[in-house]
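**Q** Now for the letters of each chain:
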Amino acid sequence: MVQVADRLFAALAVLRVVVTLNMLGLTLWRWQNFDRPAATLVVLAGLLVWTVVVLAASRVPARRTTWLMLADLAVAVGAMASTPWLKGEEFRATVPGFWVMGALLAWAVHWRWRGGLVAGTVLAVTDVAIRSELTQTNYGHIFLLLLGGTVVGYMCQSLQEMAAERARAEREAAAAAERTRLARAVHDGVLQVLGLVQRAGPEDRWDELGRLAAEQETRLRSLIHAQDTVDEHDRDPGGSDLSAALEALASRTVTVSTPGVRVPMAADRAAELVAAVRACLDNVRLHVGLDAPAWVLLEELGDRVAVSVRDEGPGFAEERLAQAEREGRLGVASSIRGRVAELGGTCSLVTGPGGTEWELEVPLSGSAGDGAAARGTEAR
Amino acid sequence: MSEQPIRVMVVDDHPMWRDAVERDLQAAGFDVVAVAADGAQALARFTAARPRVVVLDLQIPEPNGVEVTRRVLEADPAARVLVLSASGEQADVLEAVKAGATGYLVKSASKADLLDAVRRVAQGDTVFTPGLAGLVLGEFRRMTVPADADAGPAVPELTERETEVLRMVAKGMSYKQIAERLFISHRTVQNHVQNTLRKLQMHNRVELTRYAIEKGLDAD
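Chains A and B are the protein sequences, given in the same order.
Under this note's numbering, think of the first position of the first sequence as 1, with each following residue one higher.
Under this note's numbering, think of the first position of the second sequence as 1001, with each following residue one higher.
Excised from the complex, chain A in its bound form (with noise of 0.2 Å):
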């Protein structure tokens, strides 16, 4: 992560720069209490120049070298410990001052906890060796400079660490899109074959295969569909959608028509509804036929969906319905009408000959259940 540990040498490279300023007017104001002012200026002298190399040093990531901190470490220490030969043994701010942060948070920033906790230690036990008595101000100091290294050493790793997930998840989206775009052209070209192959159809005598590639061709469709819904929304908690579930019903015979955009429903609400519509499916294989065609219609109205489920075939008396349910075969009503109704929803058949069509009403979501039951039913 070396773009992370650029960036906190570069806000470090500030901070160098600050207390540099600092040092420099601290010794101006506090002129009178140096012993040795010749000395004290080739000291300084000394600290700019070296600030000016670790600062040009640390822009490339290359010349941050084991070398280059040990030798930072070293200046401010030298620095430090040249206090009581400058001042007298009398003194309360080192020369350095705070600028040795800087050799601090280097070794925070390039060794993590460890190294802000070796470096502090190190300042630390100079600053109390150069001293003939130990104020509280200067344990104060002390115990702040081993804190801030071990910290700000801490939040640099996390920070790195932080930064290598992100890169890892931009990468992994990365492919993910890539992925899918790959997916998308292969099947958009098997979608071009197979629709062909189908549409030589009939008069070539292809009669079985033009049917198989027609059966493929809408799987393939349908399973487009989810994949787009799923790179969407894969991070939706709302559940499933209704518009991709029912499109999964699409077959050579079945055809379904959704407002083609996603429609929200908790997962098991769903799964129930689309469970409603299989069988009424079911019900048009079982009595109009194998081949016999059927048309889904999903309708987001508002706060409901409706779905309905149409066939052409010769339709039957509703009577009959209501004398299975009495001799106890519970076939359409328990798997339609009491699928829809626990959904809080209403169910509307019309048969005749003209072909039947079952109408399922359901609120979208079933915290509403009785409520959005009762709206249901005034609605009709």
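Hints were generated in silico from the structure; no laboratory data involved.
None of these values were measured; they are calculated from a predicted model.
All the pointers check out, no bait thrown in.
SDA-like cross-link-like pairs, simulated, lysine to any residue; straight-line CA separation at most 25 Å:
{"no.": "1", "chain 1": "B", "residue 1": "Lys1176", "chain 2": "A", "residue 2": "Pro353"}
{"no.": "2", "chain 1": "A", "residue 1": "Lys87", "chain 2": "A", "residue 2": "Gln136"}
{"no.": "3", "chain 1": "B", "residue 1": "Lys1176", "chain 2": "A", "residue 2": "Pro314"}
{"no.": "4", "chain 1": "B", "residue 1": "Lys1111", "chain 2": "A", "residue 2": "Leu212"}
A short list of chain A residues far from chain B (calculated; beta carbon distances all over 10 Å):
{"no.": "5", "residue": "Ala13"}
{"no.": "6", "residue": "Asp35"}
{"no.": "7", "residue": "Ala39"}
{"no.": "8", "residue": "Val53"}
{"no.": "9", "residue": "Val128"}
{"no.": "10", "residue": "Val151"}
{"no.": "11", "residue": "Glu170"}
{"no.": "12", "residue": "Ala177"}
{"no.": "13", "residue": "Arg181"}
{"no.": "14", "residue": "Ala275"}
{"no.": "15", "residue": "Val288"}
Quick reminder that beta carbons are idealized off the backbone N, C-alpha and C, glycines included.
With chain A held as given, fit chain B onto it using these hints.
**A** For chain B alone, coordinates are given in the frame of chain A:
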């Protein structure tokens, strides 16, 4: 069919498919005046060949099918666009219809269906699949979510009868079946369907105008 063969252009980037459609159309007596493999070719050849019907795949290299539909109809409002789509790109189909396409067929439709669709679209009829009707119904339901009263031109809404007809189309009923069910003529059913498309396109223009007003594009 009249003595003048219908001039058709086929736009598709799959050569195999393009050739097959071209062959079928020619065999059925249509005059295929141009073919194109991408949007740029389609627009250039459309101007030169002036076809009456453009049989258009939506998934073509830039500019895409929706854009081609818009530009073709801008150049010649009398032309007709029949969208032929492979993977059922629903959003794109809806956009193409809003841009003025008057027919839609999935590529798996039979040869006879395709020929019939080209003929009907050339006559000015609209060719709807149940799937497209479902999309349009959904689109109108989304549009009627009330906007601000003073937000500019009103959004055209479907009449009850138009909605009824559209639902029947979406349920797979033929125009003939709908006419019988509603005791109206085949022509009337056709008109209702055409009106829904016109309103959809009008809504698209209203939306564009509204967008222009918002963005201050029409400020003088």
